[in-house]
Each structure stands twice: as structure tokens, then as C-alpha cells.
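Novice: Just need the whole structure built from these sequences, with the hints factored in.
For the record, the sequence lines run as chains A and B. Following the numbering used here, the residues of the first sequence are numbered contiguously, the last one being 426. Following the numbering used here, the residues of the second sequence are numbered contiguously, the last one being 426.
No wet-lab data here; the hints were simulated from the structure. Mixed in with the good hints there might be a few duds.
Which copy? The list can't say, so a pair holds if one copy fits it or any two copies do.
Stated by the list, open to error - With a straight-line cut-off of 30 Å between C-alpha atoms, the simulated DSS-like cross-links for lysine-lysine are:
(1) K192 / K63
(2) K357 / K64
(3) K352 / K192
(4) K192 / K364
(5) K392 / K99
(6) K291 / K364
(7) K372 / K133
(8) K205 / K329
(9) K133 / K360
Keep in mind that this is a model prediction, so the values were computed, not measured.
Listed below are the residues making up each chain.
Number of protein chains: 2
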Amino acid sequence: MDYFKFELLHISKKSRARVGRIHTPHGVIDTPNFVAVGTNATLKALDSKTVNDIGLQLMFCNTYHLILQPGVATVAQAGGLHKFMNRTMPIITDSGGFQVFSLAAGQVSDELKSRGTKKYEGSVLKTNEDGVLFRSYRDGQKILLTPESSIAAQKALGADIIIPFDELLPNNVDPSALERSLHRTHRWEKRSLDAHLANPNNQAMYAVVHGGTDQRLRGMSTDFLTKLDFDGFALGGSFGKNHQEMFDLLDFTVPRLPADKPNHLLGIGDLKSVEEVIKRGIDTMDSSHPTRCARHGLVFTKNGPLKILKPENKTNFYSLDKTCACFTCQNFTAAYIHHLFKASEMTGYTLATIHNLHFMVQLMAEYRQKILNDEI
Amino acid sequence: MDYFKFELLHISKKSRARVGRIHTPHGVIDTPNFVAVGTNATLKALDSKTVNDIGLQLMFCNTYHLILQPGVATVAQAGGLHKFMNRTMPIITDSGGFQVFSLAAGQVSDELKSRGTKKYEGSVLKTNEDGVLFRSYRDGQKILLTPESSIAAQKALGADIIIPFDELLPNNVDPSALERSLHRTHRWEKRSLDAHLANPNNQAMYAVVHGGTDQRLRGMSTDFLTKLDFDGFALGGSFGKNHQEMFDLLDFTVPRLPADKPNHLLGIGDLKSVEEVIKRGIDTMDSSHPTRCARHGLVFTKNGPLKILKPENKTNFYSLDKTCACFTCQNFTAAYIHHLFKASEMTGYTLATIHNLHFMVQLMAEYRQKILNDEI
Numbered sequence: 051m052d053y054f055k056f057e058l059l060h061i062s063k064k065s066r067a068r069v070g071r072i073h074t075p076h077g078v079i080d081t082p083n084f085v086a087v088g089t090n091a092t093l094k095a096l097d098s099k100t101v102n103d104i105g106l107q108l109m110f111c112n113t114y115h116l117i118l119q120p121g122v123a124t125v126a127q128a129g130g131l132h133k134f135m136n137r138t139m140p141i142i143t144d145s146g147g148f149q150v151f152s153l154a155a156g157q158v159s160d161e162l163k164s165r166g167t168k169k170y171e172g173s174v175l176k177t178n179e180d181g182v183l184f185r186s187y188r189d190g191q192k193i194l195l196t197p198e199s200s201i202a203a204q205k206a207l208g209a210d211i212i213i214p215f216d217e218l219l220p221n222n223v224d225p226s227a228l229e230r231s232l233h234r235t236h237r238w239e240k241r242s243l244d245a246h247l248a249n250p251n252n253q254a255m256y257a258v259v260h261g262g263t264d265q266r267l268r269g270m271s272t273d274f275l276t277k278l279d280f281d282g283f284a285l286g287g288s289f290g291k292n293h294q295e296m297f298d299l300l301d302f303t304v305p306r307l308p309a310d311k312p313n314h315l316l317g318i319g320d321l322k323s324v325e326e327v328i329k330r331g332i333d334t335m336d337s338s339h340p341t342r343c344a345r346h347g348l349v350f351t352k353n354g355p356l357k358i359l360k361p362e363n364k365t366n367f368y369s370l371d372k373t374c375a376c377f378t379c380q381n382f383t384a385a386y387i388h389h390l391f392k393a394s395e396m397t398g399y400t401l402a403t404i405h406n407l408h409f410m411v412q413l414m415a416e417y418r419q420k421i422l423n424d425e426i
Numbered sequence: 051m052d053y054f055k056f057e058l059l060h061i062s063k064k065s066r067a068r069v070g071r072i073h074t075p076h077g078v079i080d081t082p083n084f085v086a087v088g089t090n091a092t093l094k095a096l097d098s099k100t101v102n103d104i105g106l107q108l109m110f111c112n113t114y115h116l117i118l119q120p121g122v123a124t125v126a127q128a129g130g131l132h133k134f135m136n137r138t139m140p141i142i143t144d145s146g147g148f149q150v151f152s153l154a155a156g157q158v159s160d161e162l163k164s165r166g167t168k169k170y171e172g173s174v175l176k177t178n179e180d181g182v183l184f185r186s187y188r189d190g191q192k193i194l195l196t197p198e199s200s201i202a203a204q205k206a207l208g209a210d211i212i213i214p215f216d217e218l219l220p221n222n223v224d225p226s227a228l229e230r231s232l233h234r235t236h237r238w239e240k241r242s243l244d245a246h247l248a249n250p251n252n253q254a255m256y257a258v259v260h261g262g263t264d265q266r267l268r269g270m271s272t273d274f275l276t277k278l279d280f281d282g283f284a285l286g287g288s289f290g291k292n293h294q295e296m297f298d299l300l301d302f303t304v305p306r307l308p309a310d311k312p313n314h315l316l317g318i319g320d321l322k323s324v325e326e327v328i329k330r331g332i333d334t335m336d337s338s339h340p341t342r343c344a345r346h347g348l349v350f351t352k353n354g355p356l357k358i359l360k361p362e363n364k365t366n367f368y369s370l371d372k373t374c375a376c377f378t379c380q381n382f383t384a385a386y387i388h389h390l391f392k393a394s395e396m397t398g399y400t401l402a403t404i405h406n407l408h409f410m411v412q413l414m415a416e417y418r419q420k421i422l423n424d425e426i
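Specialist: Structure, rendered in C-alpha cells:
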């Protein structure tokens, strides 16, 4: 397989942090790196060209949403997700499982619910060994998602990295239910892998390690999945109730993954977590947090977060961050962006999103340098 | 006055259409030209840099909205509107009168009402010879707008072209009320001009010709205003119930304006009107129509308007307009923009706005060439 390769360049002398390079058909992802979420085949308030200019090397798109709108057949007809959205750099898609189960359970953020387009109460109608039958929140139609249909959808979308279909249980189920679910997830992941390997399509597939907060189950999951021919490993499911529980879980789990394959932490990208998960050997992590913060007027700076709507920014005639080289900071003041937010102008959301995304991309470049210098 | 100059380059042999050049402190406006509306110191869904790249030579900002948010003192502190919004090309502001009166009467479009930020019922509390007392729709405070305070606000904003304070009556008032209002407007315009000339500030002032649909009153208005030292003439007030009434009114009014000064048609820019008003000698015209259409998914093309949400665009894998060189058409398909609108993604509004604005800018360049060729 020459279309996907992980190069491990350096492991810090101070932690398990590592610097690497993931080679994909759409170019390189330097690791560790942040993966922004473009649920509906766009980052909210940005176009693909702007995202490329910022240098975001990996974008996460949600298969569940793309199945419902515009439908994978349309994306396939466009020549795949890259051509459809005119993205030249790598894309990762998930299986749809997370959204199906979590939308039904009401566990995900408003962002992933796409409330603006929600017309029906989305719900899981039936789950069995085959897969899950659910109702579309857009038009009420019934859709069956199975390992095979999820992979078929992800083949049609054509992302560089795809994810096997898994089951997500509500939080706080009893341990035996969690263990039964883990085994079903493993069977579904194996079926997903078989479907993928029957038609690799220049795509790589990362397993999803489950087991919730139970180390025994996490160990069973890594034991099972690392024996299969996955190209990388994503960490999914519940990471516990607080940051420390997640860090402990990573301390336990990451060393059980093969060092020569890339890993990914699903759904984590808040600033408080980033450095700690990198120190525990995480290569990539996705989150809608930085872009959602931007649209809510929370801007990231070297000196900490800046709330753009604070009265003091009315006359803050400096850029959001004096050290920042992003398009927004090079062209506009905090006072102007404050005004755009006060006037509910979309331009404000765009400018703040450009800034926060640039911040994350630069932050990750700095972490890579620090690891190369054995500073973290 | 060397900071403002109008060059008349050519008058068509086929109509009163003319090609000219307005020189301002922020560069040239080629005429005839379209003036886009950026009510709150931004075109909706675009940043100033993008607007510059599209080549929009004159932008219209609304003094009324800027008085309420962020306040003219803040814009002045920023160094004026150009610096505040980082616009390097010319800007025109209105007096605030139109919005004060029309918001009170419920006559303007939702766009100008800025519904998203409306907290109070805006209303006119009192009108007398001094000016108009109104209540802010943002915070309920009472604000007195007079010829002198409007001009002071427009001095602080620092647009290249400013407009005297005028009175706008509801439609269908009786003729004697209209005539009384016209005389008051003339007195207010004279006071505005005096206030302006006391501190020219490198700005030009266009008179506003009133008189509604009554040719006698329009004639009185041009007689009165052309004797004063205005730099150009805007046509305001009611233009009648249909296109033909407006065209007839222009046939009557435009020849009564001095040929060596630029004129502007307030609030007109729909495609049906553009060519006809140009033929009647209009130099510039402003309208929020093209950008508002874009946000509602109505895209302008050489082959007529395209409704992006039509089902046939789901698989329209061509650009919005095959002959278009805009950023949107160079990078994205109609199918992708259709998807963005279906998914209620802001990016769709931005891409459609870029296209329609580019369309208007190009359309005007084509009209100038046609006039130079005596084709229209």
C-alpha cells in the first residue's frame, strides 16, 4: 500500500509525545495535528480555498449528515468529496454510527444536530446484529446503516481516511451491556474492514478503540483491533467525566497501540486538553470547539481567550492578537469585529473563524517543534 | 476643490447614457456604476478585502445604523469608516433621514431593519423645523437628528460622498403636504450644505432631488438645488408605482441637472431597471437587491436568474455561470452551492454574494463599453 504511509520522525525524551508525517493521496499531514470539523462538507462560515490557505491539513466530514444531504450518490457523481467541495488536502470521514446513536440519545452538541435544517425528530428505530435502522431528521425517511452500508457510503465520499461502523451506548449503562456492545462493535469493525479491503479505493481505515472508561474493556479492544489489518487507530467512546479520567485512560490505552501506526483522538480539541493528549502520544484530534467558539465570539490568543463582545473591545483598535499573521489580524481590528458581532453580521463569524483556525494550525506547528526539541 | 472631480468622457449617440469618471480621495469611480449597500460597515457575508478584489468601486453605508452601532464616535476614533472597515476604495453615506422616516413608517425592506438586532420598536417621536426626534430600535434611547447633526455624523464617518438631511413622507400624502415637505427638505438641505462647507473635510456632497412623482415639484426641486454649491445630485423620494413611471420621471428630471456634475439614483439596482436608468443618464445607483438576492439563493447569470435551490441544481456540476470569472465560479459548482443552501451553511451565502456582486461590477463595465461604442 503506497498511497498511505506513516513516518515516525521523533519521540520526545520528556513524554510519549511524537512527531510524524502521514502521507495520503491528497498530501501530507504533519503530526501531531488538529483536525477541524466540516460536518456538511464545509467548515462553517469558511470556503475550502480559505481553509487551504490557512493550511489545515486534515478536515473531518460527517458521513451521517452527508448521507442525508446531499446524499452520497450526489457526492460520488461530483467525483467524491474532494472535488465536490474543492478541497485539495486530506479528508477523514466517520462511519455515521456516532451521530445516529448520539442524536437519538440527545448527547451531541447543537452544531452536529444542524438545527437549522432539522424537520423531524431523528431517532433510532431498531438496532440488531445487522446494523441500525433510524429515521432521518431531514425528511423522516427510514435509513438502515450497517457496517457494509457505512463503508459503501464512505467509499462513495472518497475521504483519505475512513472509520469502521461502531455502536455508541448511552453513558452510564451497566458494565455487562457495555461489554456486549464492545463485542458487537468489534464484529461490526471486522465487517467494516472486510468491506473496505474488498475495495481499498486508495483509502486508509482507522479502527475505533472502544471500552468506555473500563481499562479491562479498553485492553480487550486494543487486543482485538491491533490484530487486524487497520492502517491506524482512533480512540472513541466515553473518556470519562473529566480531563484527568481521559488523561489516565490515554496513559493506559495509547501504549497498547502499535507505535508504527498513526492514532487519532475522536472529538477532543479544547485548548485545555490539547497539550496533555499530545504528551500522551496522540497524533491527531478533531473537534468543532475552536470554530464553534469563534462563531460565539470567543477568540483564541497567545494571552488566553478573548471575548469579542466585551465592552472593552468596542474601542480595541488592535488586531485580535498582536503576534498573529492570519488574514483577520492582518486586515481588521478587534473593534471592527466587535462591531460586526454586535450588528449580527455574518462577516464577523467568518473573520473570527479564520483567526481561531489559524491559531490551532500554528499551535500544532509549535507543539511539533517543541517535541523535536524535547521540550514537552 | 481638487479632491473631488467629475470627468465626462462620452455621451452616447443613441441615448442620454454617458461614461465618466468620478475622482475621490480614495480613488476613481468609473460611471455608470453600481453601488452595493453595506449598511453596517460591511457588505453582508463579505469582508472588505474580498469586496476590493471584486472591484466594487463605491460602497454605500447607512449613517442611521452606524449612529446606533457602533456609534460615530467609535468610527471617528478608528480613523473614519475606511480605516474602521479596512476599505481602501470610495464610500458614500446617506443622511440617516431615509431610515428614520421609513423605519417608522414600515416602508423599508427587512434588510435595512436589521431585524436580528432589533430590540425596540423604532419610531419617530417628533418632527419639526429643527429636525426629527426618534427612538433607537437597538436600545430605546431618544436621538435627535437634524441637518447639522447628520452632517456632523457624516463628517465623523468620513465617506468620500455625503448626503444632506431630508424628509421622507409616507406614500400617498396629499399634494399640499408633499409641497410643504419639499420646501422643508430644501431648507434642511441648505442647512446641511452650510454645515458641510464650514468643514469640507475632503468630502463631496450630493443634493437629494425630491418632489415625488409630481413633475412640477421635481422641477421646483432641481431649480432650487442646482443653484446651490453641491458636487452632485442624488434622486430620492418616490419614483412612482412602476418602472415606467420611474423612467418617465427620469426623462423629466435628469436633463434638468447640470451635465458637468455626477448624479446618483437612490435605492434602485434591480436588473430590470439598470439599463433603462443608464440610458436616461444616471451615473451611479445603489441597491441591496443583488446581495440580498444572493443570500436568498437567486443567482444572476448571463442567461437570466438561477434559483440555486431548484432540484435540478442538485446535480449541476458546472459553475453558476460558465462565462463567469468570479472566485465562486472558478472554484465551486452550482451543485455544491445548492448543497450549502440546503444545509443552511453560511458559506453558501458568501459564495453566492461574491458571484452576484462580481456580476454587477462586470455588467457595469459592459455598459460603459456599450456606451463608448454608442450601442445603447
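Novice: Can you name, in rising order, the numbers of the hints this structure does not satisfy?
Specialist: As far as the earlier hints go, 1, 2, 3, 6, 8 are violated by this structure, in ascending order.
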